[in-house]
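Enquirer: This note's numbering puts the first residue of the sequence shown at 43, with every later residue one more than the last.
To be clear, the hints were calculated from the coordinates, so they are not data collected in a lab. We put the beta carbon where it would ideally sit given N, CA and C, even for glycine. Any given hint could be a false lead.
Pairs of lysine-lysine residues, derived as DSBU-like cross-links and limited to a Cα-Cα distance of at most 35 angstroms, are as follows [claimed, not checked]:
| no. | residue 1 | residue 2 |
| --- | --- | --- |
| 1 | K130 | K118 |
| 2 | K58 | K130 |
| 3 | K130 | K44 |
| 4 | K91 | K58 |
| 5 | K58 | K117 |
| 6 | K91 | K50 |
| 7 | K58 | K44 |
| 8 | K118 | K91 |
| 9 | K90 | K50 |
| 10 | K90 | K117 |
| 11 | K90 | K44 |
| 12 | K117 | K91 |
| 13 | K44 | K91 |
| 14 | K118 | K44 |
| 15 | K58 | K90 |
| 16 | K130 | K117 |
| 17 | K118 | K90 |
| 18 | K118 | K58 |
Ranges between beta-carbon positions, derived for each pair [what the hints assert, rightly or not]:
| no. | residue 1 | residue 2 | range |
| --- | --- | --- | --- |
| 19 | P93 | L148 | 17 to 25 angstroms |
| 20 | G164 | E107 | 27 to 35 angstroms |
| 21 | N152 | D125 | 14 to 22 angstroms |
| 22 | E53 | G116 | 35 to 43 angstroms |
| 23 | N155 | T66 | 13 to 21 angstroms |
| 24 | S72 | T140 | 28 to 36 angstroms |
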Amino acid sequence: MKNIELFKLSELNVVKRGDGVETTLLIGESNCEGTSFTSGLTRFPVGKKVPFHHHNCDEQVTILEGSAIVESDGKKTSLEPYDTSYVKAGTPHRFINTGENPLLILWIYNTRNVTRTFSDTGETVEHLSPSDIVS
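Please put together the full structure from these sequences, using the hints given.
Expert: And the structure:
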């Protein structure tokens, strides 16, 4: 299978992002040479959220487990498993775990070079770098 790369979840690195939030990079430039996108999983403990931020690229987020609210432009929308959001580059947003169980999301960015700009500070950081914390 020379044109297929396989990644076992149990063998991938888990990035601790603060406040109990953990992210696993599934596909990205660090493990899949030549990829044109970045994808991964993030798990949020009950009650945790991401600070308001935006990215330099488009983003798809699908809820896999739990329930959440996505907040953007002063609007809050409830999401359940398999609900999917599409967030255009530059759009401030955040996800909040509103359920009684951990929230697991699948995210996909349409580039391999992803940044996050925090709305409160204006600081831009490389995605999943030591500065990309959510607490």
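Enquirer: With reference to the structure, classify each hint as holding or not holding.
Expert: Results of checking the hints against the structure:
1. K130 with K118: 17 angstroms, holds
2. K58 with K130: Holds, at about 26 angstroms.
3. K130 with K44: 34 angstroms, holds
4. K91 with K58: 14 angstroms, holds
5. K58 with K117: 29 angstroms, holds
6. K91 with K50: Answer holds: K91 to K50 is near 27 angstroms, not above 35 angstroms.
7. K58 with K44: Holds - the C-alpha atoms of K44 and K58 are around 32 angstroms apart, at most 35 angstroms.
8. K118 with K91: Given pair K118, K91 holds - Cα atoms ~13 angstroms apart, limit 35 angstroms.
9. K90 with K50: Distance ~27 angstroms between K90 and K50 Cα, so the pair holds.
10. K90 with K117: With a Cα-Cα distance of about 18 angstroms, the restraint between K90 and K117 holds, given a limit of 35 angstroms.
11. K90 with K44: Violated, at about 41 angstroms.
12. K117 with K91: 16 angstroms, holds
13. K44 with K91: 40 angstroms, violated
14. K118 with K44: 44 angstroms, violated
15. K58 with K90: With a Cα-Cα distance of about 14 angstroms, the restraint between K58 and K90 holds, given a limit of 35 angstroms.
16. K130 with K117: 15 angstroms, holds
17. K118 with K90: Answer holds: K118 to K90 is near 16 angstroms, not above 35 angstroms.
18. K118 with K58: 27 angstroms, holds
19. P93 with L148: 17 to 25 angstroms: Because 20 angstroms falls inside the window, the suggested range holds.
20. G164 with E107: 27 to 35 angstroms: 33 angstroms, holds
21. N152 with D125: 14 to 22 angstroms: This hint holds: roughly 20 angstroms between Cβ atoms.
22. E53 with G116: 35 to 43 angstroms: 42 angstroms, holds
23. N155 with T66: 13 to 21 angstroms: 19 angstroms, holds
24. S72 with T140: 28 to 36 angstroms: 32 angstroms, holds
Hints 11, 13 and 14 from the list above are not met by this structure, while the remaining hints are.
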